[in-house]
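Number of protein chains: 4
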Amino acid sequence: MTAYKDRQLVEEKVFKDPVHRYIHVRDQVIWDLIKTPEFQRLRRIKQLGTLYLAFHSAEHSRFNHSLGVYEIVRRMIENFREYEEWDESDRLLVLCAALLHDLGHGPFSHSFEKIFDIDHEDFTRKIIYGNTEVNRVLKRVSTDFPLQVGQVIDKSHPNKLVVSMISSQIDADRMDYLQRDSYYTGVSYGTFDMERILRVMRPGKDEVIIKESGMHAVEDYLMSRYQMYWQVYFHPVSRGGEVLLNRALKRAKNLYEQGYVFKQAPKYLIPFFENHIEVEDYVRLDETVMNFYLQEWIQESDEILSDLSHRFVNRDLFKHIPFDGSMLTFGELTELFEAAGINSEYYLFSDSYSDLPYDYDRPEARNKRRPIHLLKPNGQIHEISSQSTIIHSITGLHRNDSKLYFPKDKINDIKDLEIKGDIINLLNELG
Amino acid sequence: MTAYKDRQLVEEKVFKDPVHRYIHVRDQVIWDLIKTPEFQRLRRIKQLGTLYLAFHSAEHSRFNHSLGVYEIVRRMIENFREYEEWDESDRLLVLCAALLHDLGHGPFSHSFEKIFDIDHEDFTRKIIYGNTEVNRVLKRVSTDFPLQVGQVIDKSHPNKLVVSMISSQIDADRMDYLQRDSYYTGVSYGTFDMERILRVMRPGKDEVIIKESGMHAVEDYLMSRYQMYWQVYFHPVSRGGEVLLNRALKRAKNLYEQGYVFKQAPKYLIPFFENHIEVEDYVRLDETVMNFYLQEWIQESDEILSDLSHRFVNRDLFKHIPFDGSMLTFGELTELFEAAGINSEYYLFSDSYSDLPYDYDRPEARNKRRPIHLLKPNGQIHEISSQSTIIHSITGLHRNDSKLYFPKDKINDIKDLEIKGDIINLLNELG
Amino acid sequence: MTAYKDRQLVEEKVFKDPVHRYIHVRDQVIWDLIKTPEFQRLRRIKQLGTLYLAFHSAEHSRFNHSLGVYEIVRRMIENFREYEEWDESDRLLVLCAALLHDLGHGPFSHSFEKIFDIDHEDFTRKIIYGNTEVNRVLKRVSTDFPLQVGQVIDKSHPNKLVVSMISSQIDADRMDYLQRDSYYTGVSYGTFDMERILRVMRPGKDEVIIKESGMHAVEDYLMSRYQMYWQVYFHPVSRGGEVLLNRALKRAKNLYEQGYVFKQAPKYLIPFFENHIEVEDYVRLDETVMNFYLQEWIQESDEILSDLSHRFVNRDLFKHIPFDGSMLTFGELTELFEAAGINSEYYLFSDSYSDLPYDYDRPEARNKRRPIHLLKPNGQIHEISSQSTIIHSITGLHRNDSKLYFPKDKINDIKDLEIKGDIINLLNELG
Amino acid sequence: MTAYKDRQLVEEKVFKDPVHRYIHVRDQVIWDLIKTPEFQRLRRIKQLGTLYLAFHSAEHSRFNHSLGVYEIVRRMIENFREYEEWDESDRLLVLCAALLHDLGHGPFSHSFEKIFDIDHEDFTRKIIYGNTEVNRVLKRVSTDFPLQVGQVIDKSHPNKLVVSMISSQIDADRMDYLQRDSYYTGVSYGTFDMERILRVMRPGKDEVIIKESGMHAVEDYLMSRYQMYWQVYFHPVSRGGEVLLNRALKRAKNLYEQGYVFKQAPKYLIPFFENHIEVEDYVRLDETVMNFYLQEWIQESDEILSDLSHRFVNRDLFKHIPFDGSMLTFGELTELFEAAGINSEYYLFSDSYSDLPYDYDRPEARNKRRPIHLLKPNGQIHEISSQSTIIHSITGLHRNDSKLYFPKDKINDIKDLEIKGDIINLLNELG
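Chains as they are written, first to last, in UniProt numbering: chain B, 1 to 431; chain X, 1 to 431; chain D, 1 to 431; chain G, 1 to 431.
Quick caveat, the hints were computed from the structure, so don't treat them as lab data.
Idealized CB from N, CA, C, for every residue including glycine.
Keep in mind that a hint or two might mislead.
[Said to hold, decoys possible] Result set (BS3-like, lysine-lysine): computed pairs, CA atoms no more than 27 Å apart in a straight line:
| id | chain 1 | residue 1 | chain 2 | residue 2 |
| --- | --- | --- | --- | --- |
| 1 | G | Lys319 | D | Lys13 |
| 2 | D | Lys319 | G | Lys267 |
| 3 | G | Lys267 | D | Lys263 |
| 4 | D | Lys5 | G | Lys408 |
| 5 | X | Lys267 | B | Lys253 |
| 6 | G | Lys13 | X | Lys376 |
| 7 | D | Lys319 | X | Lys211 |
| 8 | X | Lys319 | D | Lys211 |
| 9 | G | Lys35 | D | Lys408 |
| 10 | G | Lys35 | D | Lys250 |
| 11 | X | Lys13 | B | Lys319 |
[What the hints assert, rightly or not] A short, non-exhaustive set of chain X residues, derived as facing chain G with CB atoms under 10 Å:
| id | residue |
| --- | --- |
| 12 | Arg196 |
| 13 | Arg199 |
| 14 | Asp206 |
| 15 | Glu207 |
Whenever a hint applies, use it, and build me the whole structure from the sequences.
In structure tokens:
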């Protein structure tokens, strides 16, 4: 009888996918993983969190993306097979890791993680190792298989080649999300020639390397990535949605800690409020639950919680203006808001985003990273920025953006006309 | 001061849209309508209900589609302006009707409407006429404006040209959803040349008519529509999801009527159980709420409700096989299931779908419909099937598909081996 | 040493292709065939002849299309390999036949073939069997390999499965040109889901058969084909270009036969004028040569040849109107034109096109064809129109279109005002 | 009676275009220009010269591109109309200039211009000012209209805004060719969001300026342009084709000057050989004629001309290797080739390409250019590299590529084995 790990479906199953045309599944293990409740739960977590508030069509889920990463890795392996550096016995491992790499994402990941001080990678591991269907499927392959999959995902696995397939500056994860998010938002920035990149990828000793003839395709990919960050992922309207969500959760948590009696207790959040989270609690929480609570909270008697929830649910967002603290500090602004009677803890927010298109482990690098390596026809290997003038010119390039968020209507409602005038003038000078 | 109805935004606003590239808004009224909670609610209703269970990427909302229909009507009007048959004073009316035409959709529309015997068109009107933000915006245009918009949507408006722009065999609604659903599912069937169709549409006396040179584009559109129905909209897996949802709601309703005590009362469904639904009840219900209840019901003590909910949430669907009642009747099957100890009320379901690609009000038509009319160069107008051999060949063509749904695992669990064998043999012969 | 037929390139070569993304070549034989002058000549024959006069962007060559057909067959084989009905030793044969199937096309195929009474399939064979580079490459595989390739192309090969891969109602040739011509013209009609069709194709005993689950994809393909014929291939402007070309060639031939002394003798056409054509003569003739002569002929002293050539080169086409001979016959028109002093042999033309979307070898069929067969899950095979209502409705559907072509300016220049008035009235009634 | 310049077609004409969907024409003047023989001639000049030798699908003509530039300018004007900086009386001028800007291109522009020391811009003017149909159409608008159109094309027109619409670092010409060449080659590099760029373009005092919110779209456009240059336009295989063409023309010219008797005199090239070119001579020359001669020359008795022509026609290209002259000079290589008996004048070639993604008229710039200017919300105007970190990082970035071309087979045929060995070793070290 065929070992579970080698078992194949009688006929290949396909999922129609707008980005990769079709996702192909033939391994029984992959099929079984897709059917687990923990993986199906990813249908209820949007890939791009609050970005639908800026791009109405960005409504796709992490389920979607996870299948895509799996498919890209599957295609990588098809190309790797003819090279001796590739060990076919790693195949199922990396396919599982690709499929499951985002398993631990919570609802609206970023805001959620910040408020409750949790880390989705941590929960990905917990789901893989814990008392779950996913764990049971993986264990049928072998006792230590869940551990191995977890290690590939958290980059601690000794096989660095396999790790780099899903975690590096040019990996299956990024290649899927750039194309997928581009497709769903309708922007053209995320397009690059993945077919070509797959053709020039080679299994190296400790990493995926790129045949030199693919250098331009990598340049184009890095530029796509850069554009997607600034044009899409860091969109200030989406960040404004996160701000609201963050403040609403903070308020709910504070109220809970103060013993406030909710009209309807948000029972699935309580483990988070109490910072005592079991895997089952985590898995139960998704965007259905989170949105349900936000919709319920509109009717709460606490005005702040009700107001923030109302704003989030009905997209009545805070205004955003540039803010770098040079003209006046956040502290000074806070005082002004408080003097005007606006609760600055919930109604004033500053955040800052930065991105680094490419860097490597050179001495002067601020964020050291593994380089992208090019393989020359003569077999030599070179870090890519030493070969590409355009990548050289952007290596280590940092770019920041800081914004201040506040509700414009609350400013308009300030009773003390003098303070109101001061604040309006100040904000106009900033924005 | 400019009348509200004529007020324009200082600068045109655009929404990036993957289907139409951009959605353009310049009217203050349209902008205000988009911001209402009732319109924002459409973000929480999927355009294609349970279809994401068959096509994982079909996760887009009715918000998405509603903007698209608005945009197509906006472009129709741009082309109509140079014809004297077009009355520019109807512009805002039809734009509002286009935007709001799906306002009354409930969660997972079809199953939901069937179980509670409600009609989304009825609720669209109720939201437009009732105590809502949408109504307040429309009333600022003029007192009877809500009524007019409602009449365009329900096709009772005396201006038949305007009605036909959003409701006919070739209207903005269909042109948007075919393209949009094609884009999101990733299938190629929904593509047709809308640019060309828009170019050949002319405002006629009582309807939109098509210049004869556009006949082939209409043929292609009708074929696209046909393919989308059979390849996408009637996908048996999606229908299987609806079956489950339908049975779960039916069970919940029956339990409520029998006085069952829910662990957590599904309070927003109670007006529906009691068939006493106010506009506010309706608006409050969306797929967040519906999915929340389904997830909650997994933990109910009623085994049937728990099981059906579990199946729906985790996509553990019923099996489907062809069934036309010719070999044995549904009644006979029901008896067999009952004899085997399976509750056929919840675990056996047959449904039937049919589609009519094109027909018109000819004597022998089973479903009379307004024809599509072609405008000849000499000014004559002809019904399209008299001109197009391919449309002639499909006029009145009916196609049906019937399926039987049941849970395969429950069959496998039948204790009485003889009955089990009979049922399995029967089902094998059918499928 | 590896036999020539099995020799592989050290590294796969790819051609970037806008329709199939990449064309993949690994066989030395294929690589060598592509490099032959006879195959490179296809770069100088447009895929769509005079269609660029109607769709300015339809400028692609048969080289382009031939690579595409090869690529589709290559992909078919990849899928066929796992079925025992497929004999891998036929692989190279069908790949070569796919690549070379259009080798014998002359410049502006249709007009050219008609005037000189030649058949491109005949010349494809002559090039394959004759003293050519292509023949030398094929013979290196085996002595009878050229013959076998020729037989697959002309459908006389005993292996009917292999023949059906490039010649049937759903073959690689059609699948490539529909998509390719759609891409280059920019129309959307030629899109269908080839990925899906490839997935459902199975090698049958005597033909490629289609898994039943692919029925809708085939419906869509047949409809695409139908639309492409009527919207693109039969475009009256393109046919008008063919008419001109046909008349110019006819005039040149007549002049040659009458001993007319050309300013510059069209030496490469003389074998065609004299109907004594060697393979070398044929291969030498391409659209460069043909267009060169047409451009030269503008300066000929023969007014008719000069005028027709001028019109073709500078796109000063004849006018076209519908014409079915019911109101008056072509003979009557001819007499009228002659009476008006217009040389009807060159300035009056009627042609007729017809298309049959699908048919099969049933008794009542006017054009018997091999059916498309569907494979049921139970292994039974059915002709497709017995399964698909939409294909059933178009089976045997004939559609004709007849047009009359003449130069409008020559009508305007008729001296006898009475005849002129008569002709104009008549043409207005027709058009 | 309407002035010719204002005359409109009764109904808008459209050309289906795969890049812009449709090209719209309503002005009688534009319609008449398109019909001139000089404009129709552009169908016989490929947009990308020899690039089809590297990308088989790059077979589109300058006719194609010229319509595209016209369409983009037409759309720019539609957006400009609402700004007072735009003068509607310039409309027809810039539309004509857009349509005609490439009128003077000769066959395989670059090689051809180099050998005969001519400039296509010079000939564009000559065609516009000379005894041509184009001139006659333009003169009907007004006596000085041809001059004005010529001045917009050659950038000497006093209206700098209008000039910048078709000639600047972000103009209609570039926006069309990047997208069009990307479409036809099938590469993804040329995609950028033109819709967005058109939306953010504003008519400025002396140039088109860009609203600041469009900065990212411009970044993306500049990167697309950069990639297209290095991945497509500078493709070494295409440059290798140019090398062959250049050498063949040089040989033919030298032979002519030496009194060589051609089997068939290349009469349309003689004015070029004698450097006494009239407009009619120029217009007569196109790629049909050029290719015809190259095909004829294969049969010439001069071995070099015959060989070079054969290579070009049948794509038997020279080999290319990197070459920067650092290891040995071109002169040294020449001597070696001559010593080996290879005619280096025709069989050894080195060329060098460079590109500058963006620069402006700063003191340290090597190639001063007009900057791209951004318009801030407060009305200030800034040079773009002062605002965009990514453009800043590539400003003034130069990149060079040098290649050596030679026929590999001639090296293999060197008789003196010692010299042969030396040359092979040298070339291996270089490549």
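Results for each hint:
1. G:Lys319 <-> D:Lys13: Holds, because 17 Å separates the two Cα atoms, which is no more than 27 Å.
2. D:Lys319 <-> G:Lys267: violated (35 Å)
3. G:Lys267 <-> D:Lys263: holds (13 Å)
4. D:Lys5 <-> G:Lys408: holds (26 Å)
5. X:Lys267 <-> B:Lys253: Given pair X:Lys267, B:Lys253 holds - Cα atoms ~24 Å apart, limit 27 Å.
6. G:Lys13 <-> X:Lys376: holds (18 Å)
7. D:Lys319 <-> X:Lys211: Between D:Lys319 and X:Lys211 the Cα gap is close to 21 Å, so the pair holds against 27 Å.
8. X:Lys319 <-> D:Lys211: Answer holds: X:Lys319 to D:Lys211 is near 21 Å, not above 27 Å.
9. G:Lys35 <-> D:Lys408: At roughly 16 Å apart (the allowed maximum being 27 Å), D:Lys408 and G:Lys35 satisfy the hint.
10. G:Lys35 <-> D:Lys250: Satisfied, since the Cα-Cα distance of roughly 26 Å is no more than 27 Å.
11. X:Lys13 <-> B:Lys319: Status holds; Cα separation ~17 Å.
12. Arg196: With a minimum Cβ separation of about 8 Å from chain G (threshold 10 Å), the hint on X:Arg196 holds.
13. Arg199: Given a least distance of 7 Å, the restraint on X:Arg199 holds.
14. Asp206: violated (24 Å)
15. Glu207: violated (22 Å)
Hints 2, 14 and 15 from the list above are not met by this structure, while the remaining hints are.
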